[in-house]
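Asks: Quick note, the working numbering runs 461 ahead of the 1-based positions in the sequence shown.
Bear in mind the hints are in silico, worked out from the structure with no lab data behind them.
Take these hints with a grain of salt, some might be off.
As the list claims (entries may be wrong) - Cut-off 25 Å, straight-line C-alpha distance, at most; resulting in silico cross-link-like pairs (DSS-like, lysine-lysine):
1. K885 to K864
2. K668 to K722
3. K674 to K615
4. K613 to K798
5. K821 to K668
6. K496 to K471
7. K722 to K609
8. K777 to K681
9. K645 to K688
10. K688 to K668
11. K674 to K722
12. K466 to K493
13. K688 to K609
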Amino acid sequence: MLPYKQYIEKQGDWYHYRRKVPAAYREVDRRKKVKQALKTKDEAEALVRAGEIDRRLTAYWASLVKSGSTHAPDRFRAAIDLASIFGFQYQPFSEVIQLPPSDFVNRAVKLAEVGPDSGANFQALFGTAKFPEIRFSDLLTEYERIAKDQIKGKSDDQLRVWRNPRKRAIKNWLSVVSDTSLDKTDQYQALEFKDWWLERLETEDLKSGSANKDLNHLAKMHREVCKFHRITQNDPFRGMLFPSDEEPEKHPFSRPWVQDKLLPGLATLNPEARAIVFVMASTGARPSEIARCAARNLVVDAAIPHIVIEPEPGRKLKTKYSRRVIPLCGSALTGAKMLIELNSRTYSERTSSLSAAVNKYLSEHNLRESPNHSFYGLRHTFQDGLTALDVTDRMQTDLMGHKFDRPVYGKGPTLEHKLSVVKKLAFSLIS
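Sequences are here, hints too, so could you generate the full structure?
Replies: In structure tokens form, the structure reads like this:
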């Protein structure tokens, strides 16, 4: 068969190039087929043109793999990618005409080589592609499209938690600055938004962290989307953060309060939430880790009962250091058995509802040691217990799911070693 014969087909009197996207490139190009008119009735000419298109297309796919990008159907992004294939950086026409004469000539020579009659080739080499207008109302959608690593592996509940603060930041921006396009956003608009937050901080007695969360989310999304689309402008959010407040004080429950008041006082809390609190109190695990833990990872019939905290399909852990195994003793073992026996579980997909339900219950039943204490304070109680026992840093990080800040050698503490520590901190349930 003649080279590229399989990629040409005749429609009426005219030939067309047509090729399925190879399996090796389907992750970077979601199209099923690539089709392009060859604008010729002559088969020999069609084969030559198909060969040129195929070489460019293969180079394009290879460039996507190398850069970690994906095919974008919009003409502006396509022009950027095509310029790269030709060996040039895409630059707006206003910049191209200011290039040294030799650079300008090199672009003209390349255009003559690849096809001066192609509008797409001219746009790529001379920067005349129409810029796609992206507004703040589209910012999150566009950010998710290009930053897939941020959401890969998240469950529906984790996605909701991840999206909500970003949605809130965009909603606040739109209420103050209106729906501006990214390429026209400047520092004066960012200052207007900062002034709005400054007034809220003063009149509503809010912490600067609330404002900085908005500013950080907007800055990162704006920066990444602009970078992807080659929008060249100064970062309008640079230098806009408020000075940080002092780190909020942590409020661990005292161990007598947990043993004598809190755990006995949970009798009328819904069974799933009560079981999670029981496990958290005697393991220090994060509420979300317990709520999302599959029943098979609550190993209650082993010689040393334990909980296995690991990522699940569609669910990520907070950090890579969160993967760990913790012995189940005292209230934690009881709580694990309760979770296994439940016919259905609600909080695995609604972890924010879990915190709201438990904190409301603690308030209504006078189980907060002070107004500043919250459900999460039980994790700090466990951490304080480790400190009081002079447990090594390696053991503490292995139990708490934190990063160990020194080079890691060996396998770390065994389950038996962990048990010797955890059983000293586990709370009993007095019937």
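Asks: Taking the hints in turn, state whether each one holds.
Replies: Each hint tested on the structure:
Note on K885 and K864: the hinted pairing holds, with a Cα-Cα distance of about 23 Å set against a maximum of 25 Å. For the suggested pair K668 and K722, the alpha carbons sit about 32 Å apart, so the restraint of at most 25 Å is broken. Note on K674 and K615: the hinted pairing holds, with a Cα-Cα distance of about 21 Å set against a maximum of 25 Å. With a C-alpha separation of about 32 Å, the suggested pair K613 and K798 falls outside the 25 Å cut-off, and the hint is violated.
A C-alpha spacing of about 23 Å is found between K821 and K668, which places the hinted pair at or below 25 Å, so the restraint holds. At roughly 12 Å between alpha-carbon atoms, K496 and K471 fall within 25 Å of each other, so this suggested pair holds. Proposed proximity of K722 and K609 is contradicted: the alpha carbons are some 46 Å apart, above 25 Å. Pair hint K777 plus K681 holds up; C-alpha atoms about 21 Å apart against a cutoff of 25 Å.
Proximity of K645 to K688 is assessed by CA-CA distance (about 15 Å); at most 25 Å being required, the pair is judged to hold. Distance restraint check for K688 and K668: the Cα-Cα separation of roughly 31 Å exceeds the 25 Å cut-off, and the hinted pair is therefore not satisfied. With a C-alpha separation of about 36 Å, the suggested pairing of K674 with K722 is violated against the 25 Å cut-off. As the CA atoms of K466 and K493 are separated by approximately 19 Å, the hinted pair is consistent with the 25 Å bound.
Taking the CA atoms of K688 and K609, the gap is about 15 Å. The hint holds against a cut of 25 Å.
Hint compliance for this structure: hints 2, 4, 7, 10 and 11 are broken, all remaining hints hold.
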